[in-house]
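Novice: Chain by chain, the residues:
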Amino acid sequence: MAEEIIIPEADNQEISINMGPQHPSTHGVLRLVLSLKGEMVQKVEPHCGYIHRGIEKMTESMTYQQIIHLTDRLDYLSAHMNNAAVCLAVEKALDIEVPERVKVIRTIMDELARIASHQLWWCSFGMDLGGLTCFFYGLRDREKILDIFEETTGSRLIQSFYCPGGLMADLNPNFQKKVKDFIVYFRKILPEYDELLSGNIIMMERAKGIGKMSKEDAISYGMTGPSGRGSGFSCDVRKHHPYHAYDKVKFNEVLRTEGDTYSRYMVRIDEMRESMNIIEQLIDNIPAGDFAVKMKPIIKLPEGEYYQRVEAARGEFGVYIISKGEKNPYRMKFRSPNFCNLSALDTLTRGHKIADLVAIGGSLDYVIPDIDR
Amino acid sequence: MPFTFSFYDFTGFTQWIDVTLRGACSPFWAVLWEMVIVGVLFLAFYAVVGLYLVYAERKVCAFIQNRVGPNRVGPYGFFQTIADLIKLLMKEIISIREADKLLFNLAPFIVIITSFLALAAIPFAKGLHPIDLNIGVFYVMAISSMGVVGILLAGWSSNSKYSLLGAMRSGAQIISYELSVGMSLIAICVLAGSMQLSTIVEGQRDLWFIFKGHFPAVTAFIIYMIAATAETNRGPFDLAEAESELAAGFHTEYSGIKFAFFFLAEYMNMFIVASLAATIFWGGWMPLHIPGLESFNHVMDFIPPVIWYVGKTVVIILIMMWFKWTFPRLRIDQLLNLEWKFLLPISLVNILIMAFIVLMGWQIGL
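So the protein sequences, as listed, match chains A and B. Note that this note's numbering has the first sequence beginning at 1, numbered continuously upward. Note that this note's numbering has the second sequence beginning at 1001, numbered continuously upward.
Chain B on its own, in the form it takes in the complex (with noise of 0.2 Å):
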């Protein structure tokens, strides 16, 4: 097979690996050389995007408080993240002598280990999608939903009365925000007829689902953006770390690069619920087209798929760390309230509104 590369369609490009290491060796050590291949090259990228996260929210947060930012390693502290991981990790991990320490250890590696598997099923670009399941959205949803178990070991086994509010509090809300996140999702697989991220994209090859599914599929990303908020643990619902309640509730008792673990897992889960809100929503890496319009169209396909993927993540990013930086933090009951008072029954009623516009075909652009 020829080698070929385009930024355009990455199929033909991983092909030619696949068909290259299938000719040079068995097959059991193709597939684990593309497992490695896939593994190191994710290792790379996960700590890439959770570094440059973190800085983009240092950057993004002085410009709203009027300050500067981090601007002396590197030209405009370009490198101050990772001089920040450098120093977490010489220092020191302190164990707790109370605490229950195979648990207390285990926790940050549930954590960060559930945000790099859901990774796995998200398309960047066309060809550039490592495992296309069938259930792609059900795989995410269920695995990003696990990450909760390390955020409750954390708080449990730190043997903290702080740690373990927090954990208490990040249960009961990650547990209620998930349904919020799945009931908006479904909308959208609705629209769909699929749970396959590429079939979900190809469909939005002539208008994204925002556009295409009327008021309720803008209702369902507006849920889906609250409720993917409240879920990563970000402001205005981060009241499991609390800072001026429970200074830094589940993660107090971790230092070096176990709080590191937690710090960067929580950037990789908003990275991957903005992927998935660009996928599902914004037609993840498809360009934009409207229908009708053929020149302009065709000057969008001029664009690389990955520059779509990555400015629609970029933009839903700063969108989440806008409000972050603008507003106070909710109470815990107030934030139970708006999930089972508002959003539940909203987007149970928004299923129903989607279904029977499908039934109908009243999508635009069909």
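Excised from the complex, chain A in its bound form (with noise of 0.2 Å):
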């Protein structure tokens, strides 16, 4: 009985395999269709839509306020830059300026989440490897930065703190102190980061070289954020389209030109640093004033276009919003940067080992909900 399914036929010696949609290395309800032959991996065939919610749809019926937590749902580890996102295209739209005080405060906040979503891949990128004592250490330090969330936003995941024309609420007494603690804290850490995974040779010997991906590949497959960056792709949307503070800040984009997972990894672990620093710069200098503009209960946008891109932890997020001047958008649309980013999963992993596609596919760092929305 046995032989009858697991032989295949002759002229076909590859075997297909289901990996996912419950798997440990998918990081969430992904499906991979594998086409293997032996332990090389010859197709990845990705199946979306296990956690698909029709968001899009949804946000037709909702008001402005509204559709902000939503966006939450989407890149769940970005929901702050996701929010901002639609604010910004909002306030566009109107023709609102925000305070100075919320844009310093939306900086500090989205480079905070940065650091948080990096900690995360950082943890489930070392369990992809087999390292599971990573997952821990990331987790520990995340929990920092979760708290600083929680008492400020009341919330430690799905914030939902930004609104159209400012925030929710104010900043908690407490925030600048916790924040300055976490990153002497963080600076510290870091380096230990890169002892346990960064320089040892079995990482490095499963990542240099693995998964190659060249600039032209990463711009047409629209790979944006570090996988893009690691490509050499220079696509950070707060260098070359500035929103919220980052005109005001110094800091570098973080580019590497090999291409492959260990480039990939760099990125994101240098990105940490950039983005510590971009909090230092801001964090003794949080102008006061309001933390919000008045608006109006219901928000109606003039009829047109709008398209408002920022950059989220795994790259461009973009919002386009068609209104008809109603309270509701008549249509709406996200470019979620993990869509892209899983697109170039086939063509990265081809003639790798299985090891390498989990490997690859860590590197990707790719949440679920936001591929299928």
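The hints are simulated quantities; they were obtained by calculation from the structure and are not laboratory data. Where hints are given, some of them may not hold.
What the hints assert, rightly or not - List of simulated lysine-lysine pairs, DSS-like, C-alpha gap at most 27 Å:
1. 353/A with 37/A
2. 208/A with 43/A
3. 103/A with 333/A
4. 353/A with 1341/B
5. 103/A with 300/A
6. 144/A with 177/A
7. 1101/B with 1091/B
8. 37/A with 1341/B
9. 57/A with 327/A
10. 1161/B with 43/A
11. 239/A with 43/A
12. 1091/B with 37/A
13. 353/A with 1161/B
14. 239/A with 212/A
15. 296/A with 92/A
16. 57/A with 212/A
17. 324/A with 296/A
18. 208/A with 1341/B
All values derive from a computational prediction rather than experimental measurement.
Dock the two chains into a complex; use the hints.
Specialist: And the structure:
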């Protein structure tokens, strides 16, 4: 009985395996159909839609304040950035200038969210490679950021802290002190990440030269964020189209040219340092003032089309709104970074082993609810 | 024969049992009773050691990972693994429709029996040595390499592609690393001039082999540690059950107590490998003796041999756990490269150097 199923036909030596929707290293309910020749991956076919909630359709019957809460549920690890995209689009449409204080706080929050997201990525990347200890080290440090979020926003994961015109609430009085403490702590702890994983010989062997992506391919696949910058594609929205207070701070766009798993890894590690630089420049200079401008209870965007992009933790997150002058958008589309990054998976993994597929998937750092929306 | 019992020498005690039994019944029944006694003791020993190695691993990994580990069932979670075992015993054994029933049911027994058999040749203390075979090292090697048959069968008969991949990896891995384990043990057999485990232990009365044999013995020890970790399918060589790739590999389809068999056997294999390392390289139950330091040697003799044996084994097990929880996993081709391109040539040269040292009589402490 068993033989009939396992032995393939004589002319076809490939076996196909379902990886997911329940699999420890697809990071959610992603289903990959693999064609294998022994251990070698011949083809990867991602099947999306297992956590599709129709968020884009739901937005059409919701007001703009309500939509903010839905965007949290896309890429839940960069909830602040997703909020920001919608808020910025609405503010742009209504031609509202938010106070300086709001801009600075939004920048700090975005960068904290970025660090937290990269920490979680580091945990899961370590675990994908089989180093389970990474998971606990990363989560231990991420907890400190979540505590800061909880104190100010009242929520740890999906904060919904921004609203059109400003913020939901003012900062907690402890905020500045806690953030400064965290920066001091994390600057000390980040070399530990390098000792445990980045400098490990097994990790280097597993990641260097694996899953190469040239700059041209990265651009044509639309890979953005750390995955794109690992291939040398300069795509940092914060740098090229500054929003919030990014035009007032000095920071480098982390770029690497190798385009392999290791360079994508190192881009994220270096981005955590850059984010800390940004926060350090702003945390002592939060201007006084209102935390929001007074908005009408029902926001009606003027008729037209609006697009706003922000740099989420995984790449360029865009919001496209078509308004007919109603309180609901006529049509809303999210440009999610993970969907484009996932599309490159097949090219990246061809001819590599299953273990490499897992490592490459980890280096792309996909969040499934953002892919399916 | 008078009843004697000493923690320093179990010979008198075991001989007393033997003489008493032979006096009470015919030789056939005496031997049978001895077998039953040893068997029952071993079963109990196996279960206790297996369970508490699992507990130890969970505690050790918790400490490495900034956690507390099991702490609810009993003081410090001491009865956690017993509770787990009871849970596993009560779980349904799922039978798979398309599986090869006979082989599927046979595989966990092959794995657990081989690890059980290997235990028989380990000297636990002076006189506490179930079978003192004159080819003890060879016996342990031969028996422990049988375990791969069970793993391959488990992967094949489950009729799951993940299991099959895990079993294929496991087969390639265990058969390759068997070589290095053997080669590093041969280096010490050359030094000891025997394959009998009791002779090997006695040979370390003045100094342990790892010190006696210059650098070849140290090299052999390091190679043994790497290869033994790989042979027991433990991290960073746990490719056969790589959970992030194969979702548990060869035992994906097993449930309940059959899964527990694989799990226990894995930990017992670790125990066997560690006690073999302790016996061959670190003198087994032999206390640490340094030639020339008479009073020091005398103090060391006061610690009972069982404590020495257990202490050494535990240290080696802790080293193996430390490996597992620190390193990421290797890839299959890197794993085989490491064995065939590095470990095997080094251990071959190592045996030659060791033979040369023994021929010239250059051992330390002679």
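Novice: Hints first: check each against the structure and report whether it holds.
Specialist: Consistency of the hints with the structure:
1. 353/A with 37/A: With Cα atoms ~9 Å apart, residue 353/A and residue 37/A stay inside 27 Å; holds.
2. 208/A with 43/A: 21 Å, holds
3. 103/A with 333/A: 25 Å, holds
4. 353/A with 1341/B: Since the Cα atoms of residue 353/A and residue 1341/B sit roughly 20 Å apart, the hinted pair holds (cutoff 27 Å).
5. 103/A with 300/A: 23 Å, holds
6. 144/A with 177/A: It holds: about 13 Å lies between the C-alpha atoms, which stays within 27 Å.
7. 1101/B with 1091/B: With Cα atoms ~19 Å apart, residue 1101/B and residue 1091/B stay inside 27 Å; holds.
8. 37/A with 1341/B: 25 Å, holds
9. 57/A with 327/A: 15 Å, holds
10. 1161/B with 43/A: 16 Å, holds
11. 239/A with 43/A: Violated - the C-alpha atoms of residue 43/A and residue 239/A are around 36 Å apart, more than 27 Å.
12. 1091/B with 37/A: The hint is violated at about 36 Å.
13. 353/A with 1161/B: Between residue 353/A and residue 1161/B the Cα gap is close to 15 Å, so the pair holds against 27 Å.
14. 239/A with 212/A: 25 Å, holds
15. 296/A with 92/A: 15 Å, holds
16. 57/A with 212/A: 36 Å, violated
17. 324/A with 296/A: Roughly 18 Å between the alpha carbons, so the hint for residue 324/A and residue 296/A holds.
18. 208/A with 1341/B: Distance of about 20 Å is within 27 Å: holds.
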